[in-house]
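There are 2 protein chains.
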Amino acid sequence: MYRTHNCGELRLSNIGNQVALAGWVAKTRLLGSMAFVDLRDRYGITQLAFNEETNKEMLDIAETLGREFVIQVEGVVAERSSKNPNIGTGEIELIVSKVVILNESITPPFTIETDTDGGDDLRMQYRYLDLRRDVIRKNLELRHKLAQLIRSYLSGKDFLEVETPVLIKSTPEGARDFVVPSRLNPGSWYALPQSPQTFKQLLMVSGFDRYFQIVKCFRDEDLRADRQPEFTQIDCEMSFVDKEDVLNLFEGMMKNLFKDVKGIDLPDFPRMTYADAMKYYGNDKPDTRFGMEFVALKGEDEDLVSSKGFSVFDTVESVISIAVPGGAAYTRKQIDALVDWVKRPQIGATGLIWIKKDEQGNLKSSVDKFYSIDDLKSWESALSLENGDMGLLMAGAYGKVHKQMSELRLHMGSELGLRKPGEFSPLWVVDFPLLEFDEEQNRYHAMHHPFTSPLKEHLDKLHSHPGEVNANAYDMVINGVEIGGGSIRIHDQELQAKMFELLGFTDEEAKAQFGFLMNAFKYGAPPHGGIALGFDRLCSLMGGSESIRDFIAFPKNNSGRDVMIDAPAPLTKEQLEDLELS
Amino acid sequence: MYRTHNCGELRLSNIGNQVALAGWVAKTRLLGSMAFVDLRDRYGITQLAFNEETNKEMLDIAETLGREFVIQVEGVVAERSSKNPNIGTGEIELIVSKVVILNESITPPFTIETDTDGGDDLRMQYRYLDLRRDVIRKNLELRHKLAQLIRSYLSGKDFLEVETPVLIKSTPEGARDFVVPSRLNPGSWYALPQSPQTFKQLLMVSGFDRYFQIVKCFRDEDLRADRQPEFTQIDCEMSFVDKEDVLNLFEGMMKNLFKDVKGIDLPDFPRMTYADAMKYYGNDKPDTRFGMEFVALKGEDEDLVSSKGFSVFDTVESVISIAVPGGAAYTRKQIDALVDWVKRPQIGATGLIWIKKDEQGNLKSSVDKFYSIDDLKSWESALSLENGDMGLLMAGAYGKVHKQMSELRLHMGSELGLRKPGEFSPLWVVDFPLLEFDEEQNRYHAMHHPFTSPLKEHLDKLHSHPGEVNANAYDMVINGVEIGGGSIRIHDQELQAKMFELLGFTDEEAKAQFGFLMNAFKYGAPPHGGIALGFDRLCSLMGGSESIRDFIAFPKNNSGRDVMIDAPAPLTKEQLEDLELS
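Chains as they are written, first to last, in our numbering: chain Y, 1 to 582; chain F, 1 to 582.
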């Protein structure tokens, strides 16, 4: 037995107890005739006290202890003279009577502290030291807690956790699969799942009724910042449900999580159609922590800008504006900076027009040589400008300008401090288009996946106007982050066949790739639907960080490498020969 | 909303309620003017009643319902006239006022019943229908329940669930890895983990103190019956522990599981050394539900058989015997069958000698022309034969004959009904040899893995007599099944380097494969140890089945194929080109 207590446990009530602790030397303070050592483990820090008078031998050992040495100590708990109110053990210290050095440590390449001096690359290479830092460990403790709460919530709702296979079959549709050569079946390959989609649907055909799994998924994509080739999904499916059943259940789950973990009562999640999200936020995952909804000054039914001599507005399809609260105070320099910002290639706008309503209610605009005061008043009214506000206008093709304005809106939200880290604004985005047309390939793609059910009321347009059909699909969005998405699935074999046809599958291709699912549908498939939530993303959202990497114990870098273990790496000749790939 | 209740829920207290149910048609009984339909879902079966008098229209629909049709019904709960005490809903039925056929079904290729008429291959091909059977679903419900209980137990003991990566680096030592080509790093490969061993040790270096994970692992072996290329492990690791800490904690976990799931109070787990297990059972995973321990009649210190004219016993190294309770009643024919059984090539024994003590206490033996009554009495005494017992003797080289006798012992246990399915006899086997010598390659292999710590008291033999060093390793065995195993690990970099050297690694090889771990040990690695339990195996043991496949939702067959989805399969030319493998 190495210890009787952990380093975060001892209190005033333990005074006089003989105890043993084990942990890492976080800090030593040598004061000549005495020394103090902060002993750290996962649970906390306990101060060890050494004193020449009471135990010279122990003091001598204490003086040899280096940072990150692993030691075991025995001693008696005593009240501290100068207490530390910031830590749980701050009222006591251990008068050490025995020290055993369990392991030494060379000097770590960076400091094991919340604000470390280690850069990203170094911390990744020595991830095992990075994980010693409080801040990263707390992230993973949060992840642990969330996983347990999610499982407990879902189990309580009759969901069964079922493990689906990792070695499955490649389906060339969609993103690229990671593949695994089969030694026992030369020339054949397994694929790693991008999601357990077809398996969870088969479980519904099997009558499992409610399924969940917190499961690793894999996608061989060209990596972007904060994308991981392996990621974790909370994967769920339910039978005999319609959309509202699914939304209510998972809304309930999120409310539970936020209450348990953060003490926050989330409001009911509003439902917003995809069309509205695009119209008012230019984005299918709007950050609704703040307003600044789009106002169309020129668009489908409106036109408050044309034929006034400002040719830019005359020729464009859309003019979109947002009202920036308090924006009238923006200086020329600040506005110039905004103009530069939207003109950057990442945004790609051609310019930015403003209208200000000062504290006295007077209107001014960067284009007031073209527009009369009455014109400006019509904008003011459309934008519901208050005294001190500023309206920002952008012009362009419908959709494109919405996207640009969406970026600007988020930028303004950040600049004005409206995207508050401790605030959470959830919503459901619903009624996504079923298909998106790929101009290059001249064919439709499934916006979610080929198993998504069209809205019942749009079924009759599936032949005539497939592009206008909406899906019975939904995304959960919180603070502008897509936490997850799902849909009611197709459970009818004929409709499923029709979908494959629309997506350009030949009968043979559909059969080769999804024959087992289409077969399964012949044997009494129930109506079903589900959702998959990004667990890494959820952890980082609830942990208040932008980076999912901080919530993954051993993440890969942007080239898909684990720099700590140095993977991937070449195989040996024997391994390649075994696989008949040499 | 498809239903107000599930099919296992309604009781007498619901009589008169208007309810909606949804599920599968399990059975229809058409009786002319009335019909009964058993509606099934995961939760149970509810009887639907149709009557010409009350609702002719509904009866007409009922008559069209085929097996496994998916329907939704509405109606009023009524008391049954003839009750079924075997099911929870057996006192009520639903008087149906509305039926909606949600999906039809063609005739399934086998019956969806506990005793199905479907063969193994057919059931695997249509696994989604096989999973509809009560018996398989209950297995997976048990698996779900065990997973939740295990996580809850370990979380309650301060273990943190941490996900370790699936795309890691290949280590050619040990079993074969499944490998994954990296498209972004051409020529480089990931490997799928055979276990998260090194990562969990790194987590201990990180100060995580207690880690667990229920995790998929992968091994590209030549498959045997009931081996799966992907399997699930309960993987655990703890810091600042010695062997007894680990054993007690996981013994506690098993006791909890058996109490919660089966209402069984497991006894304390005895500790048996590997040497004793081999000596008394010829097996490092003895089935201790019954006795019949080996008694050496000729061996290290004993010789009750030589120099009596029976040349077989004169020349062999060992003569081992077991006492078969009640075995004196065995007929000549039965004994001949036993002799044939041990002579089969799978066992490979040369023969079998018996000694009987009849109900009157008289001794008889198949070799009594060589041995006097006093000789036989010495055997009787060594074997503690009771009236009516039989002793069975086998001869051969030490170790080899133990293995053969182990098989015979298990066979006798089965024949005599001593291996009772509802009985559970757990134990820990401890003090395994650290190394085993590979005659062919003329080198040592790690019996567990290269990270296993030698027993402290054997450290001084590591140089001089490495073959005699025992490991601080342990296996959990229940009913002759190895449920899991683990060890206290090496946490000292020099000892670890020494181990790699003993195992024939060059410095370069050790560094290339495990450099990250050896590096980590330089920064304050705590003493640590852990265990990994086979989750598939544990489920099948607790579920009372021999086959782990019955406890895996979508298992692979003995060639590593998923015959349902038809994987593995060839890739497309484009996929191979992307991987530069075409």
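In case anyone wonders, no lab produced these hints; they're calculated from the structure. Each hint should be verified, as a subset may be incorrect.
Which copy is meant is left open, because identical chains are indistinguishable; a pair holds if it fits in one copy or across any two.
Only pairs whose alpha carbons sit at most 30 angstroms apart, straight line, appear in this in silico DSSO-like list of lysine-lysine [stated by the list, open to error]:
hint	residue 1	residue 2
1	LYS511	LYS498
2	LYS98	LYS456
3	LYS343	LYS83
4	LYS262	LYS498
5	LYS145	LYS511
6	LYS157	LYS262
7	LYS243	LYS138
8	LYS511	LYS461
9	LYS157	LYS259
10	LYS364	LYS298
11	LYS145	LYS262
12	LYS157	LYS138
13	LYS255	LYS420
14	LYS243	LYS145
Hints versus structure:
1. In this assembly of identical chains, LYS511 and LYS498 lie within 30 angstroms of each other by CA distance solely inside one copy; the values are 13 angstroms within and 56 angstroms between copies.
2. Proximity of LYS98 to LYS456 under the C-alpha cut-off of 30 angstroms is restricted to the inter-copy arrangement: shortest distance 21 angstroms between copies versus 75 angstroms within a copy.
3. Within a single copy, LYS343 and LYS83 get their C-alpha atoms no closer than 57 angstroms, and across copies no closer than 78 angstroms, so neither meets the 30 angstroms cut-off.
4. Neither within a single protomer nor between protomers do LYS262 and LYS498 lie at most 30 angstroms apart by alpha-carbon distance, with minima of 46 angstroms and 49 angstroms respectively.
5. Neither within a single protomer nor between protomers do LYS145 and LYS511 lie at most 30 angstroms apart by alpha-carbon distance, with minima of 42 angstroms and 36 angstroms respectively.
6. Within a single copy, LYS157 and LYS262 get their C-alpha atoms as close as 22 angstroms, and across copies as close as 23 angstroms, so both meet the 30 angstroms cut-off.
7. For the homomeric pair LYS243 and LYS138, the shortest alpha-carbon distance between copies (29 angstroms) is at most 30 angstroms, but the shortest distance inside one copy (36 angstroms) is not.
8. Proximity of LYS511 to LYS461 under the C-alpha cut-off of 30 angstroms is restricted to the intra-copy arrangement: shortest distance 25 angstroms within a copy versus 64 angstroms between copies.
9. Taking the closest pair of Cα atoms, LYS157 and LYS259 come within 30 angstroms of each other both inside a single copy (18 angstroms) and across two copies (24 angstroms).
10. For a Cα distance limit of 30 angstroms, the shortest separation of LYS364 from LYS298 inside one copy, 20 angstroms, qualifies, whereas the shortest one across copies, 110 angstroms, does not.
11. Taking the shortest Cα distances, LYS145 and LYS262 sit within 30 angstroms of each other both inside one copy (12 angstroms) and across copies (28 angstroms).
12. Taking the closest pair of Cα atoms, LYS157 and LYS138 come within 30 angstroms of each other both inside a single copy (29 angstroms) and across two copies (18 angstroms).
13. Taking identical chains as interchangeable, the C-alpha atoms of LYS255 and LYS420 lie at most 30 angstroms apart only when both belong to the same chain, with a minimum of 19 angstroms there against 48 angstroms between chains.
14. In this assembly of identical chains, LYS243 and LYS145 lie within 30 angstroms of each other by CA distance both inside one copy and across copies; the values are 28 angstroms within and 28 angstroms between.
This entry does not satisfy hints 3, 4, 5, going by the numbered hints stated previously.
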